[in-house]
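**Student:** Each chain, letter by letter, is given below.
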Amino acid sequence: MNDFLMDMIASELEDAVGRENCSTRTIDKLTHSVDYFWLSRMWADRGKRMPEGDFVVSPKDAEETSKVLQIANYYKIPVTTWGGGGGTQGGAIPVCGGILLDTKRMNRIYDVNTQGMYIECGAGAIYKHIEWAANEKGYATMHYPSSLTCSTVGGFLAHRGIGVSSTKYGKIDDMTLQMEVVLPNGSIIKTSPSPKHAAGPDLNQIFIGSEGTLGIITKAQMRIYEQPEERRFRGFLFHNMTDAFNAGRELLQKFKPSVMRLYDEAETATLIKKIVGVQKKGAFMNIAIEGTKELAEAEHKILMDTFTKYGAEDLGSEYGEKWWKEKITFFYPGYMMDLPQMFGTMDTIAPYDKIEKIYWEMKKAIETNFPMARFIAHFSHWYEWGCMIYDRFIIDDVPEDPHEALRLHNAVWSCGVRTAIANGGVVNDHHGVGIKLGRLMKEQYGPAMQVFEALKKQLDPNGIMNPFKLGL
Amino acid sequence: MLISQKSKEIIDSCRFCWMCRHICPIGNATGQERNTARARALSLSLVERGAEPLSEVADNMYECALCGACTNECVTGWDPVRFTREIRLELALNGETPDYINRLIENICETGNVYGMKEYTAGLAAAIKPHTAKTDTLLFLGRDAIYKSPESAINAIRLMEAAGIEFTVLENEPDSGFAMNFLVGAAEETKQIMKSCADALDYDTIIAYDPADAKTFMRDFREWDIPLKGRTVTFTSYIEKLINDGALKPKKSDITVTVQDNYNLSRELEEFLPARNIISACADIKEMLLYNKDTVLAGNLIMNEYMPDVMKAVARNRAVNALNTGAEYIVTQSPAEYEMLKLGGEMPVMSIEEVVLKCLQA
Numbered sequence: 001m002n003d004f005l006m007d008m009i010a011s012e013l014e015d016a017v018g019r020e021n022c023s024t025r026t027i028d029k030l031t032h033s034v035d036y037f038w039l040s041r042m043w044a045d046r047g048k049r050m051p052e053g054d055f056v057v058s059p060k061d062a063e064e065t066s067k068v069l070q071i072a073n074y075y076k077i078p079v080t081t082w083g084g085g086g087g088t089q090g091g092a093i094p095v096c097g098g099i100l101l102d103t104k105r106m107n108r109i110y111d112v113n114t115q116g117m118y119i120e121c122g123a124g125a126i127y128k129h130i131e132w133a134a135n136e137k138g139y140a141t142m143h144y145p146s147s148l149t150c151s152t153v154g155g156f157l158a159h160r161g162i163g164v165s166s167t168k169y170g171k172i173d174d175m176t177l178q179m180e181v182v183l184p185n186g187s188i189i190k191t192s193p194s195p196k197h198a199a200g201p202d203l204n205q206i207f208i209g210s211e212g213t214l215g216i217i218t219k220a221q222m223r224i225y226e227q228p229e230e231r232r233f234r235g236f237l238f239h240n241m242t243d244a245f246n247a248g249r250e251l252l253q254k255f256k257p258s259v260m261r262l263y264d265e266a267e268t269a270t271l272i273k274k275i276v277g278v279q280k281k282g283a284f285m286n287i288a289i290e291g292t293k294e295l296a297e298a299e300h301k302i303l304m305d306t307f308t309k310y311g312a313e314d315l316g317s318e319y320g321e322k323w324w325k326e327k328i329t330f331f332y333p334g335y336m337m338d339l340p341q342m343f344g345t346m347d348t349i350a351p352y353d354k355i356e357k358i359y360w361e362m363k364k365a366i367e368t369n370f371p372m373a374r375f376i377a378h379f380s381h382w383y384e385w386g387c388m389i390y391d392r393f394i395i396d397d398v399p400e401d402p403h404e405a406l407r408l409h410n411a412v413w414s415c416g417v418r419t420a421i422a423n424g425g426v427v428n429d430h431h432g433v434g435i436k437l438g439r440l441m442k443e444q445y446g447p448a449m450q451v452f453e454a455l456k457k458q459l460d461p462n463g464i465m466n467p468f469k470l471g472l
Numbered sequence: 001m002l003i004s005q006k007s008k009e010i011i012d013s014c015r016f017c018w019m020c021r022h023i024c025p026i027g028n029a030t031g032q033e034r035n036t037a038r039a040r041a042l043s044l045s046l047v048e049r050g051a052e053p054l055s056e057v058a059d060n061m062y063e064c065a066l067c068g069a070c071t072n073e074c075v076t077g078w079d080p081v082r083f084t085r086e087i088r089l090e091l092a093l094n095g096e097t098p099d100y101i102n103r104l105i106e107n108i109c110e111t112g113n114v115y116g117m118k119e120y121t122a123g124l125a126a127a128i129k130p131h132t133a134k135t136d137t138l139l140f141l142g143r144d145a146i147y148k149s150p151e152s153a154i155n156a157i158r159l160m161e162a163a164g165i166e167f168t169v170l171e172n173e174p175d176s177g178f179a180m181n182f183l184v185g186a187a188e189e190t191k192q193i194m195k196s197c198a199d200a201l202d203y204d205t206i207i208a209y210d211p212a213d214a215k216t217f218m219r220d221f222r223e224w225d226i227p228l229k230g231r232t233v234t235f236t237s238y239i240e241k242l243i244n245d246g247a248l249k250p251k252k253s254d255i256t257v258t259v260q261d262n263y264n265l266s267r268e269l270e271e272f273l274p275a276r277n278i279i280s281a282c283a284d285i286k287e288m289l290l291y292n293k294d295t296v297l298a299g300n301l302i303m304n305e306y307m308p309d310v311m312k313a314v315a316r317n318r319a320v321n322a323l324n325t326g327a328e329y330i331v332t333q334s335p336a337e338y339e340m341l342k343l344g345g346e347m348p349v350m351s352i353e354e355v356v357l358k359c360l361q362a
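First to last, the protein sequences are chains L and W.
Following this note's numbering, the numbering of the first sequence begins with 1 at its first residue and continues without gaps.
Following this note's numbering, the numbering of the second sequence begins with 1 at its first residue and continues without gaps.
Honestly, I wouldn't trust all of these hints.
[Claimed, not checked] Ranges of calculated distance between the beta carbons of each label pair, as one might list FRET restraints: (1) L:F4 to W:A200: 55 to 63 Å; (2) W:K293 to L:I206: 28 to 36 Å; (3) W:K293 to L:F330: 17 to 25 Å; (4) W:L323 to L:I206: 32 to 40 Å; (5) L:G277 to W:L93: 40 to 48 Å; (6) L:P193 to W:N102: 50 to 58 Å; (7) W:E56 to L:D401: 49 to 57 Å; (8) W:E223 to L:F4: 37 to 45 Å; (9) L:R407 to W:L273: 41 to 49 Å; (10) W:E56 to L:T368: 29 to 37 Å; (11) L:L455 to W:T76: 54 to 62 Å; (12) L:G18 to W:E223: 40 to 48 Å; (13) W:A126 to L:E20: 38 to 46 Å; (14) L:F330 to W:P53: 35 to 43 Å.
[As the list claims (entries may be wrong)] Result set (DSS-like, lysine-lysine): computed pairs, CA atoms no more than 30 Å apart in a straight line: (15) L:K322 to W:K342; (16) W:K286 to L:K293; (17) L:K137 to W:K129; (18) L:K137 to W:K293; (19) W:K342 to L:K60; (20) L:K325 to W:K312; (21) L:K168 to L:K196; (22) W:K8 to L:K274; (23) W:K312 to L:K137; (24) L:K128 to W:K251; (25) L:K60 to W:K312; (26) W:K342 to L:K137; (27) L:K273 to W:K342; (28) W:K293 to L:K327; (29) L:K274 to W:K6; (30) W:K252 to W:K191; (31) L:K442 to L:K171; (32) L:K301 to L:K325; (33) W:K251 to W:K293; (34) L:K128 to W:K241; (35) L:K325 to W:K342; (36) L:K325 to W:K293; (37) L:K48 to W:K6; (38) W:K8 to L:K327; (39) L:K128 to L:K325; (40) L:K48 to W:K8.
Worth flagging that the hints you see were computed from the coordinates, not collected in a lab.
Built from N, CA and C at the ideal position, the CB exists for glycine as well.
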């Protein structure tokens, strides 16, 4: 694009959002070019500039967002939406340049509604801020991912995020009542006033997880909950993971703990030992029970009876309490894997009849095909019917050449995720798809992918919205 | 880059980490990604790797308030303030300091204060006049109070008078060096200002009214081995002692207040209780969700010189926190936050000395 046209578009964008909220400054382009995706970090670590947006715009609401999208459609320039940039899949990277739309000015908390039990807020609000707003009134969002302090409401919605208390309170898609969305043509729509209805398919669930490819979420009503009277923790050590899966499944037929996390032997011996202090061999499992005192008491008894049946060693409450206190510590520099290591989380989910096999097959596939890789895993989001694997690979000796490092990274990912899909898993559980896994979406969905493609074609005929993400 | 190895280590640790995003008062006010410790670290890591000249990211280094909220939040103990200060020094040494910062530096060089002001208000001059004789105790008002918040300075003097003690206030108070340190860090010029200040102060007790000066005297002077004669105490700890000793006897009122902890006191000097003890004697306190070491900046008068809209937004955000407590007033410990919160206009503001004075009168 020539300088003259660039200036013309910049002036239109400035007109839409205000001059101070449309930037072509290097610092703004640069800081929106690297997210939490390992490849973008590696690229920057090697001193290379990632693809950057040409214009960084920060609309304050749906109306300004609408104007930006109309301008983008007219000039047919790409629009990539950025919330907190904490995504691991490269979903927020403006790989084709164009407009980088940062949502964080849409951070207003409009209402903490203790009658309707929701907070209405702009999609650019940091989730920790809405948690604080709930806390100030004695409530809680119960959405506690490790990225709670980094990420926005819209960011979590865009990739179908999840928090550590998911077993009791659900994923982000279970916590959403209504959303305001700006369609690619600039139309501002609202989803159904209630998330449970028989008025056709659920519009919320079309846009949640769409990663900015079908529109931009600008406002949302997120559920809040009463603070539990009591939150109890109990740590257990299982002889093996089969016993743990059976115990977990049986427990979930009786009640829902808030936190359920099972660590494989490798992760128990590394991360759990380092941060929580468990020194023993086996598979560590942490359970949290919460709610009224009476219910917590009853559930505690059921928990102990059930896990004893499967030979679990009761480690008491101390490890669980320490884990709760340190639950975000795992992700700080110095605790989390970091460059120069290569690493990734290939989280997938499946029913109980498949999940353990997926774990062993993925472990075998990674360790066989990439002998330099370590494979560790935990199982952190559990349902009555199945659970997810948070499985990670770590490679210490990484090619210095960034192109070679990229090839190795993608080969590991393709191997791991294809193994998951072949054994009944999905492309991803809660980090999303982005550009990292787009190529594998067709492999999971096959002809079902045409549903997504049709939606994309109808809503975004110029293909401007977050190109090359989600396999669309 | 010529910065320390430690700072380079911090940069490489912070460049991909956003864990402190939620706590940055500037980032929360602007909604701009560049106003994060991560953004500053990432850009500097790219400068270090030759992908970008330092001058391209210079402005962003002055958008940080150096309040240390990020450092306080970091579980691992990384300190983004450290590399930001060092980069400001490097920019100055390279002659790459932005023009609007250079103007402030020139103000300090020409007038002795960052605001370029030459005279005290008549009211403040009159309040100082009875206290110019040398005593053992100096009330050091500081640049922000003298030039930007004379009402605060006058109230501080009035409160000391009410206690019936003898003290000195200098008609030509020296510059502590806080502003130069804020703008360019540990430059020779900064240390020279601090040395001149130390040489000019010869008192048994120096009461630093402004927490920024207290931090400068009690931390920076010591760190840079600049000897200051006598004992330095914070204004709040001094007033607390006057109340404990019975020299000041406030009568508790029925007002409800929330306290804006200044980061220089609560984080840098780890002083928390004196303000609580003073205010508890005067009013009921309703704490904000984030207080003590977790406090959030409510404004910076130096930054207000070059990014006033952002500073107003910073103050407004903090006032909203205060409003959510249901308190009637927000009580400040620093003249900068007092003035900025008044500009923010969301909630009635009182300085801590105003609260005590009001309760003495009652």
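**Student:** Next step is simple, just say for each hint if it's right about the structure.
**Tutor:** Hints versus structure:
no.	hint	in the structure
1	L:F4 to W:A200: 55 to 63 Å	holds (59 Å)
2	W:K293 to L:I206: 28 to 36 Å	violated (44 Å)
3	W:K293 to L:F330: 17 to 25 Å	holds (23 Å)
4	W:L323 to L:I206: 32 to 40 Å	holds (38 Å)
5	L:G277 to W:L93: 40 to 48 Å	holds (47 Å)
6	L:P193 to W:N102: 50 to 58 Å	holds (56 Å)
7	W:E56 to L:D401: 49 to 57 Å	violated (27 Å)
8	W:E223 to L:F4: 37 to 45 Å	violated (54 Å)
9	L:R407 to W:L273: 41 to 49 Å	violated (59 Å)
10	W:E56 to L:T368: 29 to 37 Å	violated (47 Å)
11	L:L455 to W:T76: 54 to 62 Å	violated (43 Å)
12	L:G18 to W:E223: 40 to 48 Å	holds (42 Å)
13	W:A126 to L:E20: 38 to 46 Å	holds (42 Å)
14	L:F330 to W:P53: 35 to 43 Å	holds (36 Å)
15	L:K322 to W:K342	violated (43 Å)
16	W:K286 to L:K293	holds (29 Å)
17	L:K137 to W:K129	violated (50 Å)
18	L:K137 to W:K293	holds (22 Å)
19	W:K342 to L:K60	holds (25 Å)
20	L:K325 to W:K312	violated (35 Å)
21	L:K168 to L:K196	holds (18 Å)
22	W:K8 to L:K274	holds (26 Å)
23	W:K312 to L:K137	holds (26 Å)
24	L:K128 to W:K251	violated (40 Å)
25	L:K60 to W:K312	holds (17 Å)
26	W:K342 to L:K137	holds (26 Å)
27	L:K273 to W:K342	violated (51 Å)
28	W:K293 to L:K327	holds (21 Å)
29	L:K274 to W:K6	holds (25 Å)
30	W:K252 to W:K191	violated (44 Å)
31	L:K442 to L:K171	holds (24 Å)
32	L:K301 to L:K325	holds (24 Å)
33	W:K251 to W:K293	holds (29 Å)
34	L:K128 to W:K241	violated (39 Å)
35	L:K325 to W:K342	violated (38 Å)
36	L:K325 to W:K293	holds (18 Å)
37	L:K48 to W:K6	holds (23 Å)
38	W:K8 to L:K327	holds (28 Å)
39	L:K128 to L:K325	holds (16 Å)
40	L:K48 to W:K8	holds (18 Å)
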